[in-house]
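In order, the protein sequence lines correspond to chains S and U.
Going by this note's numbering, the residue at position 369 of the first sequence is 383; the numbering climbs one at a time, nothing skipped.
Going by this note's numbering, the residue at position 17 of the second sequence is 337; the numbering climbs one at a time, nothing skipped.
Treat the hints as calculated values from the structure; they're not laboratory data.
For glycine and all other residues, C-beta sits at the position ideal for the given N, C-alpha and C.
Check each hint, because a few of them may be wrong.
Claimed, not checked - Here are some, though not all, of the chain U residues that point toward chain S, as calculated from beta-carbon distances under 10 Å:
(1) Glu401
(2) Glu402
(3) Ile421
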Amino acid sequence: MKAVFVMRREYTEAIRRKAFIITTFVVPIVMASFLVLPVLFATMEPQNVVRVAVVDQTGNIAPQFVAALTDTLKNGKRSFTPTIVPTTAASYDETRAGQIEAVKRGDTDIVLAIPQGIMTGEKASYITREQRNYNVLQRFEKALNDVVLKQRLAAEGLDYERVKDLTAGVTVEMNQITAAGSVEKKSFMAEYGVVFVFVMLLYTSIQSWGVTIAKSIVEEKGSRIIEVLLSTVTPRDLIIGKLVGVGMAGFTQLGIWTLLGLVLTGGGLPVLLASKLGALNVPPVTFLYFVMFFVLGFMLFAALFMVIGAVSSTEQDAQQMQVLVTLPMLVPLMSLMMFMQNPNSAMAVGMSLFPPFTPLLMMARIILLTPPMWQILLGIGLMLVTILIAVTFAARVFRVGILMHGKRPSLRELVHWYRMAG
Amino acid sequence: MQPAVEIHDIVKRYGDYTAVDHVSLNVPAGTIYGFLGPNGAGKTSTIRMMMRILLPDEGSIRILDKDLATVNLDRIGYLPEERGLYKKMRLLDQMVFFGEIRGLPRSEARNRAGAWLERMGLADRAMQPVEGLSKGMQQKVQFIATVLHEPDLLILDEPFSGLDPVNANVLKDIILEYHRKGHTIIFSTHQMDTVEKLCDHICLINKGRVLLEGTLASVKQRYGKNGVSLSFTGDGTYLHSLPEVASYQDNGNEVFLRLKDGVDPGRVLDAARARLSVTRFELAEPSVYDIFIEQVSGDVR
């Protein structure tokens, strides 16, 4: 079996490449940051003490407002140092203008101006140059709202705490029944993140390793090494050696990613994200499916990439034709959002059973809900059949196309080659 | 002794074009066999059919006394016309790979590759990618990769093209070394001086047909010795129309004339001296070059 030598060559050359080492370690970082960065940004607290000048035309809101701003920074210091700027109903505009000048000079960070009409719906203003933190604005709004509500209710003789209790809102929590039958809290955000990471990794792996195969064939073709190879190795051994060798390199990369993933999901990441995204629940079996769908998807698409490599004379040729193969993988990627809303609809089930879509979409469905085992098995079965057909087709076109140079063949010629090889 | 290669009446067509047109030839075992012909003569197509890369439309090929379908191709070493190696692959790994796919055990391939690299003065670059080597070096490396498994039959398509004289000489020495060990070597070329020095058998093909085949000596004998080579100053084109001259070939610094049967060379010398200042005049057998030119330019089928 000379496929072994071809396989070993493809494997060692693939994992020795600089690009392999870089992507193996950079991609997980990028993927992790997709999950972590938005959360980090959202929860990022201002690190500086913010100086606030409160100009209050009513005269009786500012003290309660300031009293409510008791937030502290991580280091225990107060987040805000509010000052009530003395003013009167008549000098309000003038004082307000004066404080704006103070912001310009840098003597204070924010001016919060509360007009007389605040009780009847007039807007207060938050004036700043640099403190554009939305969280701070929201914090002020809430504090001011509380004070104004309290005063309005008091004017009507109502008790604020009592009204607040009575008008407390209702929350509906998302729950899902798992495969084991237990009911678990689910978060759409967390799930979207997980599905996105897995599907993107699958897509990029299948695509980039498929391209690796196409490139390696174009190289052998361009340098005529292929003639030497075919004078001693059968096309079948050559194809199998390449598929397995390059596939194993991809498998190695995914193995490293899976290990990193298990460490992260079992360790630091959930702690960091749990509070914000809800439980990040990735059962280890998901990783198993992940690797399996990579292998299946790779075999299917690599066979097609081989055909492209075999019929192209230059790398540019191959690049242009790659779109044809990449397109069927883009469809599930683009419909992913829609798909996630209702992963069990007839449409979704049908799409996930369509072999070119199966790796990405069945993977997504497995993460979102546990599809019936027969659907998973059917998906795998259909893929295996398609792979067999694709590899057979590739082998036949390969044998003829690989020795052709120059003009790219038309579809009719491809069919002709296929028949010839038979 | 069985011939190393027997080709019987093969035909290869590409669409309407017939690249190889009923070619038959025998390559005796242990010879250096020169496969000559101008560009597009059908040399590469014939070689590719020997290597089972192309299938002949008609005819049969036997190699090393086996039918082509059953011959162990690992007993053959093949250097394709256009050269190439894996650019990014390390030199040693590359040679070991080519040895391995031809059936050498890994350790043996490694030892032999190491020895060859040592001999070629490339030992210190064994762990470097091939792309850093000069073109001539790469050609030598590829040649070594072709012979690493010590094949019984070596088929080289234009092995000397693009090599400088020093490297060509290195290659020639290796070919002779293999010849002495009893291996059969077939190579295609249009460098006639190499053929003259190296080959014991030649085959000249043109437009897909064999024009001449046999030992170098027999081919030359068929041409006879009635040739003269002369150098002179002046315009010698009129020699062409002398009644004694069968063919005229201007090689630049000399002119080769083939004389009609039974003609006295002295009469040609007189005719030449009548109008030219002759500096050299010698009776000669035709060189392969002369035969090649005469045959190919006369072949207006």
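Each hint tested on the structure:
1. Because the closest C-beta pair between Glu401 of chain U and chain S is about 7 Å apart, less than 10 Å, the hint holds.
2. The closest approach between the C-beta of Glu402 of chain U and any C-beta of chain S is roughly 5 Å, which is under the 10 Å cut-off, so the hint is satisfied.
3. Interface restraint check: Ile421 of chain U against chain S, minimum CB-CB distance 5 Å, threshold 10 Å, status holds.
The earlier numbered hints are all upheld by this structure, with none contradicted.
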